[in-house]
Amino acid sequence: MPSLATRPERQTDYRRFSPAIPIIIDNGGFNFRIGWAGESDPRITFRNLVYRPRHKATGETVTIVGDHDPVLLKYFDCTRSSYRSAFDSNVVYQFEIMEYVLDYGFDRLGVEDSPVDHPILMTECICNPISSRSKMAELLFETYGVPSLAFGVDAAFAYKFNQQHGICSEDGLAICSGFATSHVIPFVEGEPVLEACCRTNVGGYHVTDYLKQLLSLNYPYHISSITWEKAEELKLEHCYVAYDYAAELQLFQKGTKEAEEKTRCWQLPWIPPSQEDAPSEEELARKAALKEKQGQRLRDIAAAKKFTRISELEHKLHGLEDLVQQLDEVEDEEMYSILSVTDYNSKQEIESAVHRVTQSLRKARGEPCESEEKVDASLSEKYPLISIPDDMLTPEQLKEKKKQIFLKTTSEGRLRAKQKKFKEELLREKQNQEDEEKRLENPELYLEQTRVKYRELCERVDQRKRLKTNGNGNSSGGVGRGERLNSVQKERMRLLTTAAFDRGKGEDTFGARDEDWQLYKLMSRDNDDDDDSLDEDETELSRVTTRLQEIDPEFVAKSDLAALQGTLEFTRLRPLTAEDFKINLGIERFRCPEILFQPSMVGVDQAGLDEMTGVSLRRLSSKDDAVKNRMCNSIIVLGGSSLFPGLDSRLEAGIRQIRPYLSPLKVVRSLNPVLDAWRGAAAYATSMQFSTQTFSIQDYYEKGESGLKQYQIKYSL
Amino acid sequence: MEPEVVNSEMLLPQNFSFKKVQMGDKYPKGHARGRHWKHLKQILQAENFQSYPTDEPNYLNIETPPSMYPSKKFCDITGFEAPYMDPRTNLRYANPEVFKRVRMLPNEHIQRYLSLRNAAVILR
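In order, the protein sequences belong to chains A and B. Position one of the first sequence corresponds to residue 1 (full-length UniProt numbering), numbered consecutively onward. Position one of the second sequence corresponds to residue 1 (full-length UniProt numbering), numbered consecutively onward.
Mixed in with the good hints, there may be bad ones.
Said to hold, decoys possible - Simulated crosslink set (DSS-like; lysine-lysine; CA at most 27 Å straight-line):
no. : chain 1 : residue 1 : chain 2 : residue 2
1   : A       : Lys403    : A       : Lys418
2   : B       : Lys29     : A       : Lys56
3   : B       : Lys20     : B       : Lys38
4   : B       : Lys73     : A       : Lys262
5   : B       : Lys41     : A       : Lys709
6   : A       : Lys254    : B       : Lys100
7   : B       : Lys26     : A       : Lys56
8   : A       : Lys135    : B       : Lys20
9   : A       : Lys709    : B       : Lys20
10  : A       : Lys257    : B       : Lys100
11  : A       : Lys453    : A       : Lys430
Think of the hints as simulated: they come from the structure by calculation, not from any bench.
Let the hints inform the model, and build the full structure from the sequences given.
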């Protein structure tokens with residue numbers, strides 16, 4: 001996840017620091033910072049993340065902490081693991097990961113020998129659950145051999161730091177928006193009032209995630225470009241807090257020029273498709289010649305094939321004619337002996353064979369065929385037995401008659417189907433013609449009517465389909481695993497199961513009544529309600545669709561539209577332009593940070609930053625109004641998510657609404673919202689009284705968890 | 001290991017001289033140790049905050065209560081104020097043009113839009 005490729009150098013001056021100098025750790029949800037008390041900046045800062053991929057060559061699982069060069073990841077199999085954080089919300093819960101992070105932090109700080117012989121001051125969240133705090137203490141005491149440690153709240157250290165620099169006063173409010181959560185902490189006489197602070201579980205992570213989700217839903221075909229890191233980068237660069245959210249929305253909804261100016265564009269890398277040079281004359285000629293040559297070859301083959309077939313047929317015809325002649329010349333008795341050598345049984349058969357061969361010969365030679373009329377004419381000849389009553393026929397002839405009847409009905413059926421098709425064609429032609437006339441009368445009206453009709457039909461067909469699939473959005477129509485059957489299929493399954501399991505219970509009377517047998521009809525698969533009206537609608541729909549495609553240049557069929565929605569198919573319809581690779585950040589620029597003020601936008605049912613201030617002040621019921629006024633005159637904004645431009649003025653406007661008329665109010669930004677917590681802690685640990693605030697390893701062994709539970713540092717020394 | 005990887009010092013070594021217990025001893029390789037951590041929800045449950053005095057601050061009772069104002073309704077797709085809601089998809093929309101888009105959205109996108117504001121129906 002981390003994109004910063006710079007790895008912190010290992011510090012070499014560890015030995016210069018005496019064991020009395022504390023190590024300061026700001027264990028934040030986003031960044032981990034470690035350094036020495038009394039210094040102005042942390043020595044090492046890295047993303048508080050652990051990554052455990054498998055090394056491709058050796059198959060070992062390796063551990064990578066913090067930022068790294070993404071290029072080097074090619075040596076690792078990253079498919080089975082992802083970035084892991086020790087935090088759930090703002091509480092540390094996975095201490096194995098925490099240990100990796102601490103290992104790395106101490107290693108980079110240059111710690112060499114066991115144990116880590118320095119007091120440690122570490123930040124934690126407000127009201128950290130005791131099990132989390134004691135596990136952290138256990139880790140530091142037992143694994144690293146730390147002599148003593150202190151836990152404090154990051155926002156409190158930041159507040160104290162700003163107080164020392166005269167930004168805020170003794171009584172005040174800290175509004176701290178971090179990575180996973182946002183807090184409001186009141187300070188009275190320089191100490192945080194924990195009873196009165198409040199936490200909303202929305203922070204910078206949620207803003208970035210919201211931005212990422214919105215962009216990837218808006219630009220589904222660029223989903224691979226919209227990574228978490230990119231969203232984070234865009235957030236830092238472009239997001240701002242609107243002073244009046246509703247007004248800002250209106251601005252964008254009306255599409256004013258101001259809104260246009262506020263829109264930012266992110267152009268994805270795009271290479272214009274290379275213009276292919278038109279092929280030269282020579283090339284064209286060469287290609288044409290090649291094509292011609294191939295065509296000639298195919299034609300030659302076809303001609304040769306035709307020739308062999310014709311000669312074959314002629315040969316056969318000659319043979320048959322000879323046979324007929326031979327038969328004509330001889331007596332009946334000899335005829336059978338001649339016939340027994342051939343495949344034929346009678347003279348008629350041979351004659352019909354002759355007829356067939358001449359037909360196909362004609363066809364092969366490409367002469368017109370005269371079979372149709374001939375069939376009609378010879379209908380009575382072809383089926384001579386049909387008109388003769390049964391009792392006048394021998395058994396063989398009866399058999400023959402049956403065959404003839406069958407042949408006759410099938411050929412008639414074929415003829416009927418042909419006629420029907422012809423009629424339909426005619427009907428359609430007629431409809432089209434009528435349509436055309438209507439169109440010529442009033443083209444616009446006609447177009448509108450056709451569109452309406454198309455829409456209606458679409459709706460109807462869709463509805464029918466939906467009913468059939470029981471409304472689940474399963475476009476393939478098949479019933480997949482875990483999908484529900486439609487009502488008809490369900491009924492069928494019910495019948496089958498009852499039929500399978502109910503038999504044998506008591507007396508089996510199945511079949512006694514005639515209705516029983518209806519069951520099988522219901523069970524059969526053909527029982528699906530393929531009613532004809534659906535088919536009618538569908539054919540009509542296809543007709544209207546083709547019609548619209550002919551006359552309406554703007555028409556896009558619905559099936560195409562469905563494909564158009566958020567799939568790559570859409571981009572294939574036309575050549576891609578740079579416009580398609582542009583990601584616009586308009587409303588998103590202030591929509592995403594807005595969740596800090598309206599957490600309900602992302603489904604978090606808690607009050608936003610401005611209202612939290614009111615909640616916090618209400619919880620300070622014991623303090624009088626003079627104190628509250630003093631506090632509101634010293635509101636300071638902290639944390640990484642307070643970096644959005646416009647956040648302080650918006651907060652001021654929001655808090656003014658909940659404060660009494662004309663009461664003092666001042667909202668200021670801290671010196672450095674990101675680093676103040678570490679700096680404050682580093683300054684705090686230099687105090688002479690710091691050692692009185694620590695929890696030593698002896699305390700840990702004597703008092704254990706209950707000692708840690710009561711442990712609470714004083715911030716003003 | 002490739003020299004590039006070694007030179008970058010990106011991999012965390014197995015052992016550190018400053019540790020009393022090494023990672024490998026604590027979590028031996030190939031040993032199934034099950035899940036040895038709890039999610040925040042489980043941690044909070046185990047804390048048993050109900051038994052604590054109510055005026056004492058703890059992780060749960062410092063949470064901000066819900067807003068006193070009714071939450072504003074915004075269009076799920078454009079982000080504008082949304083006077084309407086589509087009863088079929090439950091998405092909120094700002095105007096008829098957006099409604100057309102809503103109706104053409106694939107089911108997966110509808111669910112993703114809904115889950116953005118934690119309103120998606122999750123069937124188990």
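Tested hints:
Distance restraint check for A:Lys403 and A:Lys418: the Cα-Cα separation of roughly 23 Å lies within the 27 Å cut-off, and the hinted pair is therefore satisfied. With a C-alpha separation of about 19 Å, the suggested pairing of B:Lys29 with A:Lys56 holds against the 27 Å cut-off. Straight-line distance between C-alpha atoms of B:Lys20 and B:Lys38 comes to about 25 Å, which keeps the hinted pair within the 27 Å bound. With a C-alpha separation of about 24 Å, the suggested pair B:Lys73 and A:Lys262 falls inside the 27 Å cut-off, and the hint holds.
A distance of roughly 19 Å separates the Cα atoms of B:Lys41 and A:Lys709; the hinted pair therefore holds under the 27 Å criterion. Distance check on the hinted pair: A:Lys254 and B:Lys100 sit about 19 Å apart at the alpha-carbon level, within 27 Å; holds. The straight-line distance between the Cα atoms of B:Lys26 and A:Lys56 is roughly 26 Å, inside the 27 Å bound, and the hint therefore holds. For the hint linking A:Lys135 to B:Lys20, the alpha-carbon distance of about 16 Å falls within 27 Å, and the restraint holds.
At roughly 25 Å between alpha-carbon atoms, A:Lys709 and B:Lys20 fall within 27 Å of each other, so this suggested pair holds. For the proposed pair A:Lys257 and B:Lys100, the alpha carbon gap of about 26 Å is at most 27 Å, so the pair holds. Our distance criterion of 27 Å between C-alpha atoms is met by A:Lys453 and A:Lys430, whose separation comes to about 18 Å.
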